[in-house]
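From first to last, the protein sequence lines are chains A and B.
If you're matching positions, the first sequence starts at -8 in the working numbering and goes up one per residue.
If you're matching positions, the second sequence starts at 8 in the working numbering and goes up one per residue.
Be careful, since some hints might not be right.
[Unchecked claim] In silico contact screen, one side only, chain B against chain A (beta carbon under 7 Å); selected entries:
no. : residue
1   : Phe31
2   : Val151
3   : Pro154
4   : Leu156
5   : Ile159
6   : Gly171
7   : Val252
What the hints contain is simulated information worked out from the structure, not anything from laboratory work.
Idealized CB from N, CA, C, for every residue including glycine.
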Amino acid sequence: MKASLRAFRALLSVVFSDRHTGACFIFLAILCLACMFAEFFAPYPFAEQNLAIGASAPCAEHIFGTDILGRDVFTRILYGGRISFAVGFAATAVAVLIGACYGMVSALSPRRVDSAMMRLVDIAYALPFTILVILLMIIFGRSLWLIFVAIGAVEWLTMARIVRGMTLDIKSRQFVLASEALGQGFWGIMRLHILPNLIGTILVCATLTVPSVMLLESFLSFLGLGVQAPLPSWGTLVKEGAEYMLDAPWMLVFPAFFFSATLYCLNRVGAKLSAADLRRFSK
Amino acid sequence: MIRYVLRRIICAVPVFFIIITAVFFMVRFVPGGPFDRERQLSPETLAALNAYYGLDDSLPVQYLRFLKNLSHGDLGPSYKYQNRSVSELVREKAKVSLKLGGAALAIALVAGLACGAVSAMGRGRLSSALDAASLAGICLPAFVVGPVLIWIFSLKLGWFNAMGWRETSDIVLPSITLALFYAAWISKLFKDSEARELAKDYSRTARAKGESAMRVAAEASKSALSPVVSYLAPAAAGMLTGSFVVESIFNIPGLGKFFISSALDSDYTMIMGCVMVYAAFIICFNILADIALALLNPRVAKELGVRK
């Protein structure tokens, strides 16, 4: 717990070490909170229709305009963001859980088992994953939980590889060997040395997984396999916007901007973190 | 080298079979069958159809028959498009996707590598502008880029058709849309690793001895290309077998769009056909990528057990 707190603080100090990345982080934090508490910030309920006004341009009552059914675009962006963020974080959590466990077990197993487990990951890389996710969505229907699990089950591979590499590296370091020689047991070494040293890597890898998960979710929504109407997600909002972009460009511009900006910020923060020296985080 | 390649190809065969077996059984769990229509067919017709296509046999029997037909290259008839075989349809669609994907791959490679190289060798403004551009490219999903390109180039400027696949120029907008994301990734990967190589001692020594910047960069790029090559394998397979999103934005009759519709229609044989094409591509490209990596880097060759 203490180690993760320390790691978190160290991550923050890296993020705020340059202005651009800091701004990205603040943007993300504000947007995330606004989406999470969408009920308070959104001026209208997300499915409230107003057919009388139809798709109207941005004005004082509807700052980002309304969509074809007269629903407030700003409201829908907030609610859509909630879905997109939820999928992003939950699916990443699934991926982290599977990937980190798999990677650690593989690294700590005997050589034979380790190489067999890694061969399996190599094979899994060759599977047509996009197709599998699409098939899963079609087979089991479009439930939000399934989106989490299906995407998470696809994204864990890279995480497993990185965590395995790091664990092997830490395991062979002298302080671990010394601790072992002093009689520290397996779980003690895990708790004292391996886990605390892994946290930084895992956090960084997770930050970079979130945007790719969100992108995958939006592709599914775009293809009509994501969340179900009237619940919006950024993918569906952009899709609707693209359909009416000639008559109501604001329906495309605002959701697309928020979606792309979020991805940009997440990638930016992740890149900054991974460029920094990770070992530092735990100490 | 030849032994290594042969070993990889032999290893790829079981992977391919695992994939098609998994998909074969997966699609059978989908509720609904290929003959569900808006208007319910009479039970007799349905039974006759199922019997005709052999869908009333047990699953293992169907699977064995599928393998037997596959062994002489017969993928069976399509359930949705009557009187057409899957291989014929897949070939027709794949031709379109290959053309589009090939163009996109070329654009992505040229633009990505050029951007990455300039960004790695340059300093200051230009370099960070290119970095930001490639990061932005990663964050702009195809379904944002596509509509915007249509808006600018077909609706405002009128240079290209907004949609469809009839004229030669119809390839321009979709291939750019498809290529952008990959170009951005390639640029980012290449820039990162090239910059790392250029900072190493051997590059510095070469510069100190008076080699031109170009030659130093060329030498460094030998090892800097590795991450790009391993990224290219799945990327190229993805581009060449058709992007679901780009094809549906531009309404192109390619493999990607076709796969989605066949999956939604439970057109079993067609799903298998599409999956097999994709799996074959990705497996081949992975092997090619590993060979290329071994050629680029002797240390990797040793790790892979390649003997010259």
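Tested hints:
1. Phe31: It is violated, given that the least Cβ distance between Phe31 of chain B and chain A is near 11 Å, above 7 Å.
2. Val151: holds (4 Å)
3. Pro154: holds (4 Å)
4. Leu156: For Leu156 of chain B, the interface hint is violated, since the closest Cβ of chain A sits about 11 Å away, which is over 7 Å.
5. Ile159: With a minimum Cβ separation of about 11 Å from chain A (threshold 7 Å), the hint on Ile159 of chain B is violated.
6. Gly171: violated (16 Å)
7. Val252: holds (6 Å)
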